[in-house]
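Going down the list, the sequences are from chains A and B.
Taking our numbering as reference, the numbering of the first sequence is continuous, increasing by one, and the terminal residue is 792.
Taking our numbering as reference, the numbering of the second sequence is continuous, increasing by one, and the terminal residue is 339.
Since the hints were derived computationally from the structure, they do not count as laboratory data.
Warning: the hint list may mix true and false statements.
[What the hints assert, rightly or not] Computed cross-link-like contacts, DSS-like style, restricted to lysine-lysine with a CA-CA straight-line distance of at most 30 Å:
(1) A:Lys-494 with B:Lys-244
(2) B:Lys-244 with A:Lys-498
(3) A:Lys-353 with A:Lys-291
(4) B:Lys-104 with A:Lys-431
(5) B:Lys-244 with A:Lys-24
(6) A:Lys-2 with B:Lys-104
None of the values given here were measured: they were computed from a predicted structure.
Residue-level listing of the chains:
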Amino acid sequence: MKTSFNWLKQYVDIDISPKELCDKMVMAGFEVEEITDLSETMKNVVAGKIVDIKKHEDSDHLQICMLDIGKEENLQIVTGADNIFVGATVPVALDNSLLPTGVKIKKGKLRGVDSFGMMCSGEELLLKESDYKGAEVHGILILDSSVAAGTDMREILNLFDYIIDFKITANRPDCSSIIGIAREAAAVLNKPFKAPKIDFKEVGDNIKNYLTVENQNYDICPRYMGKVVKNIRIKESPEWLKTVLKASGMRPINNIVDITNFVMLETGQPMHAFDLRELEDNKIIVRNAKKGEKIVLLDEKEVELKENMLVIADGVKPSCLAGVMGGMGSGIKPDTKEVFFECAKFKRDSIRKTAKAVGVRTESSARYEKGTDICNVEYALKRALHLICSLDAGDVVCGAYDLNKGFVTERKLDTSVSKINALLGLNIPGKKQEEILNSLLIKTTLKGDTLHCIIPSFRDDIEFTADIAEEVIRLYGCDHIEGTVLKGEQQQGKRLPKIEKRRALKLHLAGIGLNEIYTYSFIPKKEAEKLGLSNKNLIEILNPLGEEFSVMRTQLVSSMLNVLSTNMNKGNENCAFFELSKRFIAKEIPLKEQPQELTTLCIGAFGETDFYKIKGYVESVFEFLGVNPECVACSNIPYLHPGRTAEFTLNGERVAILGEVHPKTMESFSINKRTFIAEIYLENLEALNKKLVIFKPLPKFPAVNRDLALICSEDLNIGDMEKAIKKGAGKLLENLKLFDVYKGNQIEKGKKSVAFGLTLRSHEDTLTDEQIEQAINKALKELEKIGAVLRS
Amino acid sequence: MKEKLEQIKKSSEELLKNAGSLKELEELKVKFLGKKGELTSILKMMGGLSPEERPKMGQLANEVRSKIEEDFQNAFKDIKEKELELKLKAEKLDVTIKGTPVAKGHLHPLSQTLENLENIFIGLGFTVVEGPEVETDHYNFEALNVPKDHPARDMQDTFYLGENLLLRTQTSAAQIRTMETLKPPIRIICPGRVYRSDDVDATHSPVFHQVEGLVVDKGITMCDLKGTLEIMVHEIYGNDTKVKFRPSFFPFTEPSVEVDVSCPECGGKGCRVCKGSGWIEILGAGMVHPRVLKGCGIDPDVYSGFAFGIGLDRLTTTRHKISDIRLLFENDDRFLKQF
């Protein structure tokens, strides 16, 4: 809410600086976005009267002017302008002056003649015709002849003012008005609020002679009021009114339109003025739009209306999109003679939806969306009529329409001093609370501990003791609140087990050398395709910020690949990352219920790494979680190398996949180095509780080491060979280690040599040669079954 | 014989002095004291001496022997020390060379800040809980006192996934889920990811993180809220940091406040970071709205509570002086390794 400090002072006596006022308002809950000192925009520019003009001897077009600037000596200025004349009063930028454009003017010489400043055009002062008459005329701005020489231009242009932009919170729509701000300022400063006058004179006649008004939707329009003004005398508004509008960022148009805008800014209640000639059948009907109806709005935009939109129609067509914008032609024209002033309450969500649907947001719709006060409708209308009379803009016809089904003007709320103090933790005396509430125009009487409050209609937000407590504390001062320690029953602080487990896992992953990344949960829709995955069943965001963020991810791989790619392109050489985040899996599309949010770990790396290093990371995660899934080769993950992909399963369920990224996928993610990736589905693992470790006695008997050099088909998996050895050697096998795999000249083609180191030990006795031999032989037998034999 | 013994003594002393290595010493020891050594062979000649001479010579021989033995012992000690000295000298390392790198990963700065926050609140008896990121309109808005037509919905531009399904705009949604399942006393924090349809720039991200706090019990006051936040702020920014409440508005708290802390950069004098005000806004808080309590089946006449919502990303960027929030999601290895 842009508020002119000068204007505000008309409603409350402010005896402190704008900065001090802002500080106090901030502590009362009104954040200040910006304070602008308008006088800072222009400096050293004064009115000067031309007393003499001479031709410049060395120039065809330059003239030398002498100006009276209210000082003893006249000022000499050389100019090329041709619309000046002796006797004209013009804006003069003196030596060392600042123009609103940011331009600084200094004295200088033009073709050898001293010029001590510059005469300004309207454009150079950033003025429009509505700011000052003649401002858009080509050449120097000619000021009104009554302006005294030497007058500061800021005084002429009303720039000795501050504009304070208050941020209005959603609970205080009443403060989207100067009156609202003034009421708050008055309470903050403990000064009376001076309400503007609303009396007006009527000239007889009757509104019924002019039109009928009908309301077909009291639900969306609980109150519709109107008055007729005849003998309209369209004029320019007086200076004070134009100044207020300009300071609030509105353009003055004519007295009637300006009055409706002024009243909106002042009271927060939007108004609309209809030219009675344009209302067919002399009717106003408040109704829903009909199917297929169209309206051309004031901004010349044609809008197709929907049936849930409220319009103000005449007997034939919609004339106005209720609360949002008037229709073309329904408004005030230079020859308008009779006007119907509309002042109404519309429901906020209806206006919000309509404004959003047609893509139009106005000062009016913005106020309706936030919520308006039903009692204020009458007040604003009267205020407008008061202005009509005092500006002599027309004659008010007797009678009014006020269509409503009854409404609450004020509400009673009883609370207590002790309840308020209990919530705040303070001990504010009842008298003080009463005084604060009354200063906010909440009529309050204190009886014993009870506060009887009467809530005015503009304070819709106050319903509970807590609301009253807020009013008290924001004016009493939040700085009175001093920190206290939480009392009450002590509780043990903790993380829920699965949160704790995830946190510990993250620490583990960082501990083994991986850096953690955070990526967005929504990704481009085409990402699935890039991975060769189906793009069905993706959860789409209905109103995304763009294709880039259009679906919820069902995997973490593509985000990881993008991060790896970015790092590669930045020249980072060795990267190993992890991300612990969620995948979103829909039960059905379109989404009817909340999707599954599955916690997933993704690991990705390039540089000094290989398949087995990543596998080591994955296995360390399993060890950390206390599980031992089975690993098998897998070749059907479209984005992984078919010969370098492993799948881990636990009780038949996939718990992880890992592998080298498929060259095609590398290409689509602009990755040019071998990259490895793993996805671990923690949702299935988190439920598992790592068992408490039970101590195993340390070995008492010596271990025996035996090496086995085997030969087998090169396709035989080491994993299968290990399984065979474990099965054969049984309980005695303490450790099994692969130490060599060889393919080459000394080995038959299509075969490989594999060497394992076995550690055997018994916990009951020292092993005998017999026992050892037996275990080894059994292992060899199992190996034979799968086609691996001792290398001779 | 006496001369011979004296000579042996002398020559052993002489040779010992010049012996440079342990090996030489061992050889000398054999030469003098060994079974076939010089001293032994002389002692063997003792038999040929007269009975008068024998004890005298015997004594002398023993004296010489123990002297030589002692000399040898000392010589061995000296030379071992010398050799150790040489060895230590030869083994000198340039200790200024950096140690062998150990694989060390880094938790993301957001995780680190969260860890700090969680630990502070756990110490105060809070339980860390979580809630779903895809929420229903009910939990994200309605139950938090933001009905469909409420203008406060404009404060948060929401991503919708379906008629009543959305990406939560605030972790406050978890407040409701907690209050529906737990009975007071309640002390929880709920960290998590939240979404708002803000275009990406240096200070905005459509995905960010909050830590929601909620306390419900008998007799909870606004002073308790301030006390709790002060503990948190002192842990995060240091004990000298001041906390200021400024009245504000949130639909789910009443009274509501914005919480400012004295600028950690300048200590409150005013600088670029705090835009000259001496304060930075770090979170929003307030007393739980009676309608929210009632909606969850908690009687607002018996219980009261407070709630707060900390922006984790902003806390992280201000704390570490990270100039651009986008760095948090870009994941440049050189950025991650700094934390």
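Verification of the hints:
{"no.": "1", "hint": "A:Lys-494 with B:Lys-244", "verdict": "holds, 29 Å"}
{"no.": "2", "hint": "B:Lys-244 with A:Lys-498", "verdict": "violated, 36 Å"}
{"no.": "3", "hint": "A:Lys-353 with A:Lys-291", "verdict": "holds, 17 Å"}
{"no.": "4", "hint": "B:Lys-104 with A:Lys-431", "verdict": "violated, 64 Å"}
{"no.": "5", "hint": "B:Lys-244 with A:Lys-24", "verdict": "holds, 14 Å"}
{"no.": "6", "hint": "A:Lys-2 with B:Lys-104", "verdict": "violated, 55 Å"}
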